[in-house]
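Chemist: Given next are the chains, with one letter for each unit.
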Amino acid sequence: MNKEIQVSISQKDDVSILNIQGDVTAISGETIEEAYQKVNTNGAKKILLYFDKDGYINSGGIAILIGIASESRKNEQKIRITGLSAHFQKIFNMVGLTKYTEIFPTEELALKDF
Amino acid sequence: MTSDNNIELHIPSIMGFEKIAMECSASVAKKMGFTQDRIEDLKTAVAEACLNAIEHGNKMDTNTKVGITLTVEESKLQVSVKDQGKGIDQILTPSIENKVGGKENPRGWGIFLIKSLMNEVSFEPSPEGGNIIKMIIYLEK
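Chains as they are written, first to last, in the working numbering: chain A, 10 to 123; chain B, 10 to 150.
The hints are simulated quantities; they were obtained by calculation from the structure and are not laboratory data. As the structure is a computational prediction, the values presented were derived from the model and not from experiment. Hints are supplied without guarantee of correctness; some may be wrong.
[Said to hold, decoys possible] Capping the alpha-carbon separation at 20 Å, the derived lysine to any residue pairs in SDA-like fashion look like this:
| # | chain 1 | residue 1 | chain 2 | residue 2 |
| --- | --- | --- | --- | --- |
| 1 | B | Lys112 | A | Ala72 |
| 2 | B | Lys124 | B | Ile48 |
| 3 | A | Lys87 | B | Gly110 |
| 4 | A | Lys99 | B | Ser104 |
| 5 | B | Lys112 | A | Asn84 |
| 6 | B | Lys39 | A | Asp63 |
Between the sequences and the hints, there should be enough to build the whole structure, so can you do that?
Modeler: Shown next as structure tokens:
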């Protein structure tokens with residue numbers, strides 16, 4: 010029923026980009042966590058989460074992202090976000106995720122001065 | 010359809026089926042003339058109410074169903090989500106600081122989001138057993 014998730018990892022200079030296509034839920038979260046752990050193991054200090062504008066994100070998915078925000082603090086990593094629809098930007102603000110991550114309207118702006 | 014202004018649907022207690030209720034509510038809201046912003050708010054609230062019913066109310070028991078009733082009125086849409094469970098013990102206000110700091114489970118945002126996005130929210134026991142969450146969203150003109 011959920012749109013299957015696909016997470017691909019790419020690198021631009023010193024920024025690790027996790028391209029997240031599909032729904033972000035408690036069920037799909039494991040795939041995002043695995044991708045995060047992969048870049049973490051490789052020593053990433055700057056991580057960009059690139060979301061699917063048409064994807065569905067629920068509270069289970071938000072919990073997964075909170076887990077990543079929590080780990081990134083311990084690992085002294087910076088996390089930026091792009092690709093979110095206006096609605097999910099509002100939701101991320103509401104729950105307070107924007108205290109731990111920064112949201113940018115485009116990939117270009119997210120990568121600038123990272 | 011059960012009456013002129015009521016639409017009912019039942020979904021199995023399986024994660025992912027909340028999207029059926031979400032899309033149905035969105036279609037009704039669109040037909041009523043809600044703005045896209047408010048439709049997105051409604052979609053999230055309905056999805057979260059269904060997820061709570063599936064996970065916490067019905068404990069993901071596939072023999073149970075979640076009932077959704079949409080009641081259309083001139084200036085508002087009411088969505089009731091009914092489970093077959095025993096109710097929620099306590100509704101805590103989530104804290105992002107505690108969750109990121111590892112002092113609280115990172116989950117538990119559903120009710121917070123529903124209350125933040127809908128105009129009115131109430132919880133009540135169902136006469137047939139189980140619980141009902143009623144959410145109202147007003148049509149702004």
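Chemist: The structure should be examined with respect to each hint, and the outcome stated for every one.
Modeler: Checked hints:
{"no.": "1", "hint": "B:Lys112 x A:Ala72", "result": "holds (13 Å)"}
{"no.": "2", "hint": "B:Lys124 x B:Ile48", "result": "holds (15 Å)"}
{"no.": "3", "hint": "A:Lys87 x B:Gly110", "result": "holds (16 Å)"}
{"no.": "4", "hint": "A:Lys99 x B:Ser104", "result": "holds (17 Å)"}
{"no.": "5", "hint": "B:Lys112 x A:Asn84", "result": "holds (18 Å)"}
{"no.": "6", "hint": "B:Lys39 x A:Asp63", "result": "holds (18 Å)"}
Of the hints listed earlier, there is not a single one the structure fails to meet.
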